[in-house]
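Protein chains in written order, with the numbering used here: chain A, -8 to 245; chain B, 15 to 312; chain C, 4 to 337.
In short, the hints are calculated from the structure, not lab data.
Heads up, the beta-carbon is just placed ideally off N, CA and C, and yes, glycines get one too.
Some hints could be false.
To be verified - Keeping only pairs whose Cα atoms sit at most 20 Å apart, straight-line, the calculated EDC-like set for lysine to aspartate or glutamate is: (1) 6(C) / 237(A); (2) 103(A) / 36(C); (3) 135(A) / 167(A); (4) 137(A) / 115(A); (5) 6(C) / 118(A); (6) 137(A) / 167(A); (7) 179(A) / 208(A); (8) 9(A) / 20(A); (9) 85(A) / 74(A); (10) 85(A) / 275(B); (11) 179(A) / 129(A); (12) 131(A) / 118(A); (13) 85(A) / 225(A); (14) 135(A) / 182(A); (15) 6(C) / 96(A); (16) 162(B) / 292(C); (17) 179(A) / 237(A); (18) 129(C) / 36(C); (19) 103(A) / 198(B); (20) 85(A) / 182(A); (21) 137(A) / 182(A); (22) 220(B) / 96(A); (23) 162(B) / 83(C); (24) 162(B) / 296(C); (25) 85(A) / 208(A); (26) 66(C) / 296(C); (27) 6(C) / 181(A); (28) 6(C) / 208(A); (29) 273(C) / 122(C); (30) 6(C) / 233(A); (31) 66(C) / 88(C); (32) 103(A) / 115(A); (33) 273(C) / 296(C); (34) 6(C) / 238(A).
What the hints assert, rightly or not - Far from chain A, by Cβ distances over 12 Å, these chain C residues were calculated: (35) 34; (36) 73; (37) 79; (38) 108.
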Amino acid sequence: MTSGGIRVERLNAWFGDKQALRDISINIEGYHTTAIIGPSGCGKSTFVRCLNRMHEVNPLARAGGRVFIGNTDIYANGTTPVEVRRRVGMVFQKPNPFPTMSIYDNVAAGLKLNGWERGRRLGEVVEQALRRAALWDEVKDDLKQKSGASLSGGQQQRLCIARALAVEPEVLLMDEPASALDPMATAKIEDLLFELKQSVTVVIVTHNMQQAARVAEFTGFFLMGELVEFDRTEQMFTRPRDKRTEDYVTGRFG
Amino acid sequence: MKTPVNAIRCTGWAGKNGIGIARRLRNNIAMGAMVMSAVLVIAPLIMILTYLAARGAGSLNWAFFTHIPTPVGENGGGMANAIAGSGMILLIASAIGMPIGIGSGVFLAEYGRNRLGDILRFTADVLNGVPSIVLGVTAYSLLVVTQKHFSAFAGGVALAIMMIPTISRSTEEMLLMVPHSIREAALGLGIPRWRTIVSVVLPAAKSGIVTGMMLGFSRVAGETAPLLFTAFGNQFWNWSPTRPTAALPLQIYTYAISPFDEWHRMAWAGALVLILLIVGTVAVVRLVTARSLYKVMV
Amino acid sequence: MPKFQFAEPRALGPVAVAAPRRVVGPRSWRSADPGFRAAMAACSFSLLVTAILIFWELLSQSKLSLHQFGFRFFAGMNWDPVSGDFGALPFIYGTLVSSLIALVVAVPLALGSALFITELCPKRLKGTVSFLLELLAAIPSVIYGLWGIFVLSPLLRQYAEPWLETYFGWTGLFEGPPFGIGMFAAGMILAIMIIPIIGSVAREVVLAVPMSQREGVLALGATRWEVVCLAVLRNARTGILGAVILGLGRALGETMAVTMVIGNTPQVSKSLLAPGYSLASVIANEFSEATGDLYLSALFEIGLVLFLITLIVNGLARVLVWSVTRGMPARANV
Chain A
-8 MTSGGIRVER LNAWFGDKQA LRDISINIEG YHTTAIIGPS GCGKSTFVRC
42 LNRMHEVNPL ARAGGRVFIG NTDIYANGTT PVEVRRRVGM VFQKPNPFPT
92 MSIYDNVAAG LKLNGWERGR RLGEVVEQAL RRAALWDEVK DDLKQKSGAS
142 LSGGQQQRLC IARALAVEPE VLLMDEPASA LDPMATAKIE DLLFELKQSV
192 TVVIVTHNMQ QAARVAEFTG FFLMGELVEF DRTEQMFTRP RDKRTEDYVT
242 GRFG
Chain B
15 MKTPVNAIRC TGWAGKNGIG IARRLRNNIA MGAMVMSAVL VIAPLIMILT
65 YLAARGAGSL NWAFFTHIPT PVGENGGGMA NAIAGSGMIL LIASAIGMPI
115 GIGSGVFLAE YGRNRLGDIL RFTADVLNGV PSIVLGVTAY SLLVVTQKHF
165 SAFAGGVALA IMMIPTISRS TEEMLLMVPH SIREAALGLG IPRWRTIVSV
215 VLPAAKSGIV TGMMLGFSRV AGETAPLLFT AFGNQFWNWS PTRPTAALPL
265 QIYTYAISPF DEWHRMAWAG ALVLILLIVG TVAVVRLVTA RSLYKVMV
Chain C
4 MPKFQFAEPR ALGPVAVAAP RRVVGPRSWR SADPGFRAAM AACSFSLLVT
54 AILIFWELLS QSKLSLHQFG FRFFAGMNWD PVSGDFGALP FIYGTLVSSL
104 IALVVAVPLA LGSALFITEL CPKRLKGTVS FLLELLAAIP SVIYGLWGIF
154 VLSPLLRQYA EPWLETYFGW TGLFEGPPFG IGMFAAGMIL AIMIIPIIGS
204 VAREVVLAVP MSQREGVLAL GATRWEVVCL AVLRNARTGI LGAVILGLGR
254 ALGETMAVTM VIGNTPQVSK SLLAPGYSLA SVIANEFSEA TGDLYLSALF
304 EIGLVLFLIT LIVNGLARVL VWSVTRGMPA RANV
């Protein structure tokens, strides 16, 4: 496994008494894009949210197991969720820029609100993050005047990506980032993923198999809380090993 | 739906020809009664406000706002000390009540979506219903007796106790209106919970919280009973928070029940000033947002 | 198999990337989260502490009077500071009767105007009318009292009370000289003051009745009044009761306006036109001049009684209203 990858060992997750994930073990390649697919309710969102310990934000939620980002087990006793989330970024299904902040402040939020002090360099970091999110050219003139919420849906999502990238995470989790967007905006986001994986490990949840095929080198198929199959995307979609995978990929259910 | 059908039958369904006369009459009478009620309720409001304006406006002059009361029998004088005193007492009340009220609202919204929160919310509502005279008497017992003198501070505390439940409820409601996705976004960036609340959630709810504060303020600005035995009133200037202080509502009360015409005149003027302040605040809040006074008075 | 367009394969193995920059330095700060939560909790708990403190203080200051009089306190008709005999019955009577008068007058008017706003009022007027109704709540008690003394009282004395005595004197409720101040005047002022509260809560409760209920009755061919009767009032019954009790709670504790028009005479009389006294008023009037520990303690005991009564009444009202609107009331932006 290359550096920057994620190694998951026997991850289990519950919502109250209901078990959402069963014994998930998976090795996610560093600096590659991995797609997580499966029908609704299969646990793919839950899985990804366990990778940055966002799952436990819900008061009824619990998770157990080991998840290694690099060499650190993020579920180890001494590790706080706050530290984990600085190394593992997240982009959500519905774009959620901070409504009271300008574009500049949105991107800088992860740094400023965590005590980043180097004032002048902040501008450079913001610019670089916006470039990586393919948004720089569209907003560079209105950085501090326009509020984050005044952009279009696709732009807002790229703003959220920029915001997540500004803190230089090792991993970027994306939970169906384009499902609320139109095809043009979706295409823009898929394009920027090609550049992104040079520097960040990307894990993307998607219900759209075409999308998984376009952007991801690896794919994991989840069903009812279990990891059914994990392989190179091309392999999984053309010669799936498990019957359930084949049924899903050929559209027999889901 | 069995019950309504039976009920309609009992009211005299006229059969196939449509609504019977009895039912139509009942309907019209009822509609008329509703309109009548609305009119009868608004009428006193108009009466009071116009009477206030009429009786009070004539006595509002420069002297009113700059002079303290003159001895009985002499003309002139004003309520300047009462206005200033109210200002001081309300300042103390706000300094104590607003931070605690907002803090309480934050707790209930962010950490209180559980049984404990329900108990605290219930307590806040109950505290809201405690008669203000009881609060005044308690503040007397706890602060005035122990410090051996009446004080603006004691009055401020009594008013703060009245302010806290309303501001808490209002803040909580505004915070709950901030979409959860914003909190998630901040937490996902590795921003600690407290920083999320302070720098992301609170600013998003800012305008609502401010209007809640204004409404809470205007509610206690007119209160008299809590000040009767705490601030006590003062015929002269007083700038010390640890001494008896005049307050506008107190002065209005003292003058109103006095036998002197001159003082009655001043009471009306004072009432006009007070009502302009309070009604003005409420009207501004209502115009700028659509927020109703409901949360404050209940 | 469906056709897919695949990403270009890349070789695995070490990829040349810049070492990830630890943006936020190796600062291992102890999180301020628990401290912040504790501070906010303290603010919230201060409410509980205050409520308990009020109860405790009232109780301890009333001890003297409680020991001296026991339950006789509530049955005693005699309030005599000079001889040291204190009986609170006149005040209990005055509070209850004035509040009752207020309810009798206020409830129909409040409900009627609430229904007017929700059912009848044209959309353009809704905002203005509801705003005007709420302004009534914003007027301070002392101003109501001022208006009561100088405007309402003369009106009652010259017109209303003689009229009541002439036509309803046979009931025994309207006898004696019409002073213009007294139980009836207090009841009237209280009515005006509690209308906005009852009306607002009633409005919230009525708004919480789902449209499907109204539509169901309407589809059976009911008139508008019947829709109100059968769908709205029937469903909102509990909540409206809660609104009424909330209004009662407010009337029981109202001080300044009542003090200014009730006449401040500790007596129990059948006639509503006679002056009376209420629990809150006696405290307001006599507390500053109370000499002697027993006197003061008796007044504290009255405060304690007032506290407990309003606690129970308001608690009951809350439970009723919450059961209908489920905690957070619907926002009445009408």
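Structure versus earlier hints - violations, ascending order: Result: hints 3, 5, 6, 8, 9, 10, 13, 14, 15, 17, 18, 21, 23, 25, 29, 33, 35 break, sorted rising.
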